[in-house]
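Each chain is listed here by its residues.
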Amino acid sequence: MNAKRARILVIDDDPDFREAMTAILESASYEVATACDAADGARKILSGHPDLILLDIMMDSLWDGYSLCHAIRTSKDFNGVRDTPVIFVSAVRQIAGSRFGFKGEDQGLTAPDDYIDKPVKPDDLLARIERVLKK
Amino acid sequence: MANTAPVILVIDDEEAIRDSCTQILLKQNYRVETAEDGSAGLRKIKDLKPEAVIIDLKMPGTSGFEVLESLPRLDPHLIAIVITGYATVDSAVEAMKKGAYDFLPKPFTPEDLRVILARGLERRRLVLEAEALRQEKKALEDSFITMVSHQLRSPLVAVQQYFSVILAGIVGDPGRLQDMIRKASQRLEGLLRLIEDWLNLARIDQGRLVGNMMPVDLRKVLGRVIETLGPSARESSVSLEWEGAAGSAFEVLADEEGLEQVFMNLLHNAVKYNRPQGRVRLELREEKDTAVIEVQDTGIGIAQEHLPFIFDQFFRVSRSADKARQGSGLGLSIVKKIIEAHQGRVEVQSEPGVGTSFIVRLPKRPIGEDRG
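Order-wise, the sequence lines are chains A and B. My numbering applies: residue 1 is where the first sequence begins, and numbers increase by one. My numbering applies: residue 1 is where the second sequence begins, and numbers increase by one.
Some clues are possibly wrong.
The calculated DSSO-like cross-link candidates involving lysine-lysine, where the alpha carbons are at most 30 angstroms apart (straight line), are [unchecked claim]:
1) B:183 / A:121
2) B:27 / B:46
3) A:44 / B:183
4) B:44 / B:27
5) B:183 / B:49
6) B:49 / B:138
Covered by chain A, per the in silico footprint, the following chain B stretches (three or more residues, Cβ under 8 angstroms) [what the hints assert, rightly or not]:
7) 154 to 162
8) 165 to 175
9) 181 to 191
For the record, the hints were derived by calculation from the structure and aren't laboratory data. Beta carbons: idealized from backbone N, C-alpha and C, even for Gly.
Work out the full structure: start from the sequences and follow the hints.
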């Protein structure tokens with residue numbers, strides 16, 4: 001698959017972040033879709049089958065980033081998209097680092113394919129995406 | 001059903017004392033345990049976790065004093081009442097110094113024991129309650145700090161993100177570039193407003209409002225607010241109606257700046273959350289000794305389940321895609337505090353899809369009355 005034509009879904013409740021991500025991703029010729037919360041994200045994952053998901057884990061609502069990722073990996077509702085690569089995006093470094101890995105699995109959480117802190121550096125983000133898509 | 005009566009432990013080497021204490025306490029519906037020496041007593045304290053313990057000071061082996069000394073590390077909230085023989089003041093005083101709640105000199109009556117124990121248990125209850133409140137306060141403070149730092153950080157992270165994109169030379173289209181810069185600027189404006197709101201709240205909480213109370217003409221204040229909001233209302237195609245504009249001065253004792261802030265906030269919201277070609281109606285009227293100001297809009301309305309929380313700090317109703325650009329959630333809590341500082345009340349009525357009405361009541365100041 002030509003990685004450069006990949007479709008990326010950005011799930012984040014901050015419209016300015018979605019805007020900035022769209023600019024970065026489009027500059028690298030990716031196709032971009034956006035969602036404003038986990039529920040919207042879930043719908044777009046199932047209908048759009050993105051090649052990669054950028055997921056904000058700081059959105060506040062009952063269904064947050066962690067549980068969405070867990071659902072994608074384990075729930076039968078997401079059977080067709082189970083292996084979609086997910087990159088966590090966080091505004092708070094400590095939270096991102098502490099909640100996955102072995103400890104995370106215990107809490108019923110699933111590790112993402114990568115994680116990155118806000119604000120993201122465009123070349124850093126693009127490099128990570130390329131790496132994840134190559135897997 | 002579980003028995004929740006307090007457990008009282010009696011530690012005394014004399015069987016007669018253990019028995020009579022047990023009898024007295026059972027009559028009060030306490031649960032009673034006994035131990036015949038200090039070490040057995042300490043074991044039972046560990047295992048049974050009583051609320052109070054009655055200790056004979058003079059016992060062979062581990063003495064009453066030694067038991068007392070072990071209590072703080074076992075249970076700092078345990079109420080210890082010591083039984084002293086021959087009523088020597090010295091041993092009683094020493095026991096109190098070692099942490100006993102009170103002492104019972106032999107011989108004592110059932111009433112003596114009942115009264116001291118009841119007082120001791122009440123004190124224990126109050127101490128535990130204070131402790132729980134302190135912890136609750138700390139938890140609230142922690143979540144407050146988290147909330148504030150999140151609100152302060154969020155816009156700055158967004159602006160940094162835009163800068164990062166712009167500086168990387170990613171955005172070629174000048175229109176899009178302008179758009180990003182404008183949006184970044186809006187986030188900064190929002191942050192400034194937020195800080196202003198925080199300072200206001202802090203000022204109000206410190207009671208700084210009361211000092212500036214003077215006779216204020218409500219008509220003038222409301223008139224100014226309507227005039228200020230005119231342009232933005234026109235921009236949103238919302239009509240502003242002002243009823244009660246005519247007439248003589250309508251005075252209340254108030255902090256003029258505070259009141260202006262209240263009505264700016266309410267009217268600004270009424271315009272913002274309105275529908276195109278919608279209407280905002282401001283009415284000033286008198287009901288007995290009260291000035292009533294009603295701000296009514298034909299906007300999206302507020303759901304019944306949100307209404308009780310609408311004046312809470314940080315509360316924001318909509319979780320729409322525009323969430324990040326919304327207000328701080330502090331506006332209405334500030335409004336409520338200012339109005340209450342004026343001995344007034346504010347209430348809200350709403351019907352989703354129809355509109356919302358905020359009603360402010362302020363005590364009217366009779367004209368000609370001396371101040372103070």
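Taking 30 angstroms as the top limit, are the C-alpha atoms of residue 183 of chain B and residue 49 of chain B close enough? 62 angstroms, violated
Tell me if chain A covers the segment 154 to 162 of chain B under the three-residue, 8 angstroms CB rule, please? With 6 residues in contact (Cβ-Cβ under 8 angstroms with chain A), the coverage given for the segment 154 to 162 of chain B holds.
Below or equal to 30 angstroms on CA atoms is what counts here, so check residue 44 of chain B against residue 27 of chain B. Status holds; Cα separation ~22 angstroms.
When I compare C-beta atoms, does the segment 165 to 175 of chain B have three or more residues closer than 8 angstroms to chain A? That given contact holds, which follows from 4 residues of the segment 165 to 175 of chain B lying within Cβ reach (below 8 angstroms) of chain A.
Given hint residue 138 of chain B paired with residue 49 of chain B - CA-CA distance at most 30 angstroms: 27 angstroms, holds
Under 8 angstroms between beta-carbons, do enough residues of the segment 181 to 191 of chain B, three at least, approach chain A for the coverage claim to hold? Result for this restraint: holds, n = 3.
Holds or violated: residue 27 of chain B to residue 46 of chain B, with C-alpha atoms at most 30 angstroms apart: Since the Cα atoms of residue 27 of chain B and residue 46 of chain B sit roughly 25 angstroms apart, the hinted pair holds (cutoff 30 angstroms).
Within a Cα-Cα threshold of 30 angstroms, do residue 44 of chain A and residue 183 of chain B meet the stated pairing? Status holds; Cα separation ~26 angstroms.
Given hint residue 121 of chain A paired with residue 183 of chain B - CA-CA distance at most 30 angstroms: Measuring from Cα to Cα gives roughly 19 angstroms; hence the hint holds.
Comparing the model with each numbered hint stated earlier shows that hint 5 is the single one that does not hold.
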